[in-house]
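Generate coordinates for the entire structure from the input sequences, incorporating the hints supplied.
Chains as they are written, first to last, in our numbering: chain A, -17 to 58; chain B, -17 to 58; chain C, -17 to 58; chain D, -17 to 58; chain E, -17 to 58.
Just so you know, these hints were derived from the structure itself, not from any lab. All of these numbers come straight from a predicted model, not from anything done at the bench. Careful: at least some of the hints might be erroneous.
If several chains are the same, the list does not tell them apart, and a pair holds so long as it fits within one copy or across any two.
What the hints assert, rightly or not - Simulated crosslink set (SDA-like; lysine to any residue; CA at most 20 Å straight-line):
(1) Lys(-9) x Thr8
(2) Lys(-4) x Thr8
(3) Lys(-9) x Ile55
(4) Lys13 x Gly3
(5) Lys(-4) x Gly27
(6) Lys13 x Gly43
(7) Lys13 x Gly(-10)
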Amino acid sequence: MLLGQVAGKVWATKKAPHLTGQTFLTVAVGKDLLVCADCVGAGEGETVLVATGSAARVAAGDHVPVDAAIIGIIDP
Amino acid sequence: MLLGQVAGKVWATKKAPHLTGQTFLTVAVGKDLLVCADCVGAGEGETVLVATGSAARVAAGDHVPVDAAIIGIIDP
Amino acid sequence: MLLGQVAGKVWATKKAPHLTGQTFLTVAVGKDLLVCADCVGAGEGETVLVATGSAARVAAGDHVPVDAAIIGIIDP
Amino acid sequence: MLLGQVAGKVWATKKAPHLTGQTFLTVAVGKDLLVCADCVGAGEGETVLVATGSAARVAAGDHVPVDAAIIGIIDP
Amino acid sequence: MLLGQVAGKVWATKKAPHLTGQTFLTVAVGKDLLVCADCVGAGEGETVLVATGSAARVAAGDHVPVDAAIIGIIDP
Chain A
-17 MLLGQVAGKV WATKKAPHLT GQTFLTVAVG KDLLVCADCV GAGEGETVLV
33 ATGSAARVAA GDHVPVDAAI IGIIDP
Chain B
-17 MLLGQVAGKV WATKKAPHLT GQTFLTVAVG KDLLVCADCV GAGEGETVLV
33 ATGSAARVAA GDHVPVDAAI IGIIDP
Chain C
-17 MLLGQVAGKV WATKKAPHLT GQTFLTVAVG KDLLVCADCV GAGEGETVLV
33 ATGSAARVAA GDHVPVDAAI IGIIDP
Chain D
-17 MLLGQVAGKV WATKKAPHLT GQTFLTVAVG KDLLVCADCV GAGEGETVLV
33 ATGSAARVAA GDHVPVDAAI IGIIDP
Chain E
-17 MLLGQVAGKV WATKKAPHLT GQTFLTVAVG KDLLVCADCV GAGEGETVLV
33 ATGSAARVAA GDHVPVDAAI IGIIDP
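Here's what the structure looks like:
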């Protein structure tokens, strides 16, 4: 998993089915910016644990077409 | 997921079964160019959300051999 | 998916089961060289569409242990 | 798989279901820092074998949303 | 798939279940060193074909938590 910092939020009104209700947060991982499904209710500035690939769907749900999910908030 | 900008379209007359009818858009992600199955009807210049890996098939269909799909259009 | 140019062919007499009969082409993707299962009959110099990861097996067959496959030939 | 050195531990009180009881170690892989589920009881400073992607769940359990796991400790 | 050169061997006495009996070879792929399950009996110095991701388990066995496997030896 990757460690990153929640940077903000993105909105997509037009999206694939099964993404409705999903919150998408941008997470700064090193110099990269990853858009992640939020599975734990993370807030801006928090350090989070990001799972990528098929693991993201284990967290977000099998039918949710995401490849990155926030699966934990690192204790401060 | 990655954020990118739709750059254009590619055509492949000769292709694997199950790709028939699929629209392939090129998406600029940073300095890289990714060819993505379009699952939301995106247009050139729009900022889109791209899912990679097996998540692309959750969006495009289980039997469609793609590894990248546009799953959302970012609200302007 | 990635866009690349077919560069050549590789032969492996000693290989894993389920690879018998599979054609392996080298494809130049930017500065990288990827060995891909050919699912469309591509020829040297052609610009092709390459699917990586589990998508390659959707194209080449579930029991074929490949992680990259040529799934289309880009129209000239 | 990747070879890396166990660097430390991270704690996440708020996390996705199925992560409870899982130990997360940070592993230095070259210049990158990867957070891995520990499946073998590795200790700080040990050289370990890290499996990424869906292989991590084969080691940690199908319903555990992780994308990296320590699957072996390299003999000194 | 990637082309690489077998560089050596690693031993891990303490490892995840289902890894027992598996031979792990280090393979130089460009500037990177990848640890691969050997599925074809490759030897040091040989040029090999490496499959990564879930394809490695198609070659090594579904319950073997590996993400890279040698699936062929390139003909000299």
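Quick rundown of the hints versus the structure:
Proximity of Lys(-9) to Thr8 under the C-alpha cut-off of 20 Å is restricted to the intra-copy arrangement: shortest distance 6 Å within a copy versus 24 Å between copies. Taking CA atoms no more than 20 Å apart as the test, Lys(-4) paired with Thr8 passes in both settings, with 18 Å inside one copy and 19 Å between copies. Taking CA atoms no more than 20 Å apart as the test, Lys(-9) paired with Ile55 passes in both settings, with 16 Å inside one copy and 14 Å between copies. For the identical chains of this complex, Lys13 and Gly3 are neighbours neither inside a copy (28 Å) nor across copies (31 Å), given an alpha-carbon limit of 20 Å.
Taking the closest pair of Cα atoms, Lys(-4) and Gly27 come within 20 Å of each other only across two copies (15 Å); inside a single copy the shortest separation is 27 Å, beyond that limit. In this homomeric assembly, Lys13 and Gly43 never come within 20 Å of each other (Cα to Cα): the closest approach is 28 Å inside a single copy and 31 Å across copies. For a Cα distance limit of 20 Å, the shortest separation of Lys13 from Gly(-10) inside one copy, 15 Å, qualifies, whereas the shortest one across copies, 22 Å, does not.
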